[in-house]
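Asker: Letter by letter, the chains look like this.
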Amino acid sequence: MTLLSVRDMKTDIGQYAVLHGVSFDVNEGGVFVLLGRNGAGKTTTLRSIMGLWKPSPGSVTFQGEEISGMATADIARKNIAYVPENMGIFGGLTIEENLVLATAKGKFDQTRLSRIYDLFPALEKFWTKQAWSLSGGQKQMLAVARAIVEPRALILIDEPTKGLAPSIVAAMGEAFREIAQSTTILLVEQNFNFARSLGRDMAVIDDGRVVHQGAMADFAADAELQGRLLGLSA
Amino acid sequence: MNKLSDTLGRFGGVNLLPVALAAIAFVLIGAPSSWVTLTIAGLSMGMMVFLMASGLSLVFGLMDVLNFGHSAFISFGAFVAASVLAALGGWLDGDNIMLASAALGLALLAAIAFGLAAGLFFETVIIRPVYRDHLRQILITMGALIVSEQIILAIWGGTPMTVPRPAFLHGAWIIGDVSIEIYRVFAFGLGLAVFIGLMVLLNRTRVGLLIRAGVENREMVEALGFKIDRLFIGVFMLGSALAALGGAMWAGYETLITPALGGEMMIVVFIVVIIGGLGSIEGTLLGAIIVGLTANYIGYLAPKLALASNMILMMAILMWRPSGLRPAVK
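Chains as they are written, first to last, in my numbering: chain A, 38 to 271; chain B, 232 to 561.
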């Protein structure tokens, strides 16, 4: 069943046209990966879905409802969480404050909080520390934890492994696998090995357009296609 | 510079700067009674400036708005409070402390109410169309400031206006050789109460949490499902009300006010916000106290330097900490 459908989305940033008509469908459940070279338009696609850039024309429907043109806050209230490339954590706030801000009523669901502690034990350890004092990996854990502190229908995650140590990347992968059992993840990722290990479906964006969409297993098996679309060598 | 920062950090950080300043002044002044009088004057001046500056700091930190019209709220607060006090002059003259307190309370409430209403109007009509455009913000808020000053001139005239004080705030307490002006103690107490209130709001409430988060990253606050525009209006109204309250308190301190009051205070307010660190209430308080103490100490020790003291202070602090003493984390 289609959860998110993006049709002919065009986004201009200032005088530059970045997206020239992006179209793809994300089915419910699992991890959908958006791949593409640097500057292809992946981040702009996520930001446009969230309403942080205003796309026009085109359409973005979520659970059958048109969300294109809505305010970012209204889109977020559709149970869509966003983890930006720069993580977007509030450095002056403690871990607890960062997370409580993402709760609907200012109170934690203890079951979900326990799950977050299980996924990211460091967050419990540094619970009252200000977020600026965390390491890069811990900040990323906090950014992801903030996205799952409430039940979400869709989580948009932008390059979560960027600049992280391999051990942290592996832990993050485990966490995403578990999160994807109950939530749909739309993941933008440059690390193809990481993306391949998680993705069920995928699309490749190039020069502001989707140039390929399909099952990750098929794409992972086609070295020629990977080379042509992503510049990966066999 | 790094070594100085590390050493300071070990002994309480920049929060100890006012203490260090007072200690140095104690040695230079030599006379303990004069030092106490100047210190109390500096602290009360600092608190009044804090009232005027805290709103500007929040507005700039959260909304990224350069509001040169902020001084209009200070002037209007002063004139509105002065007018209420003048109208209730009969309540102030007698020995009835309750009536005098009621008059003072009404004057301050009128200033706050005016600040809230003017802030709502200012944000909606003047600021909103120029979000994210600093040049236009400067131009339009400067224009609004000029219009506001002309409105004050039209309503209250250009003649300096006398501000009556309640009888119980007249005079000074004499303790030994030390003279402590009662109004200054009141101003200090009110400023401290507002600071505590703001700290409770910012640190103990969800709205405060949103404001602190919004100062750092507005976009992410929206992505969490909160309408930042509503927060902007609330913060702008709060900032305007605080400026009006500060203006009202300053009017009572000066006892003679002109329409130029806000503009004159604005230089000090900007210096406080810059050296304190944009978007930080603690930084604004720290900056205001340091500016208040410095102005009073220098005014006593080297009167010819008094006019330049705030500028010299700002330059010295910015050379040491370019983002101010306690900037909000960005």
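Worth flagging that the hints you see were computed from the coordinates, not collected in a lab. None of these values were measured; they are calculated from a predicted model. Treat the hints with care, since some could be wrong.
Examples of chain A residues lying across from chain B (beta carbon under 7 Å, computed) [what the hints assert, rightly or not]: (1) 106; (2) 114; (3) 134; (4) 138; (5) 140; (6) 143; (7) 145.
Heads up, the beta-carbon is just placed ideally off N, CA and C, and yes, glycines get one too.
Asker: Hey, does the residue 106 of chain A contact hint survive, CB to chain B under 7 Å?
Answerer: It is violated, given that the least Cβ distance between residue 106 of chain A and chain B is near 15 Å, above 7 Å.
Asker: Would the hint on residue 134 of chain A stand, with a C-beta cut-off of 7 Å toward chain B?
Answerer: holds (6 Å)
Asker: Take the shortest C-beta to C-beta distance between residue 140 of chain A and chain B; is it under 7 Å?
Answerer: violated (10 Å)
Asker: For the restraint on residue 143 of chain A, tell me whether the closest CB of chain B is nearer than 7 Å.
Answerer: Result: holds, 5 Å to nearest chain B Cβ.
Asker: Given residue 138 of chain A was flagged as interface, is its beta-carbon under 7 Å from a beta-carbon of chain B?
Answerer: holds (6 Å)
Asker: Taking the least C-beta to C-beta distance, is residue 145 of chain A closer than 7 Å to chain B?
Answerer: Residue 145 of chain A check fails; min Cβ-Cβ to chain B is 13 Å, beyond 7 Å.
Asker: So, residue 114 of chain A near chain B? Judge it on the closest CB pair being under 7 Å.
Answerer: With a minimum Cβ separation of about 5 Å from chain B (threshold 7 Å), the hint on residue 114 of chain A holds.
When each numbered hint is compared with the structure, violations occur for hints 1, 5 and 7.
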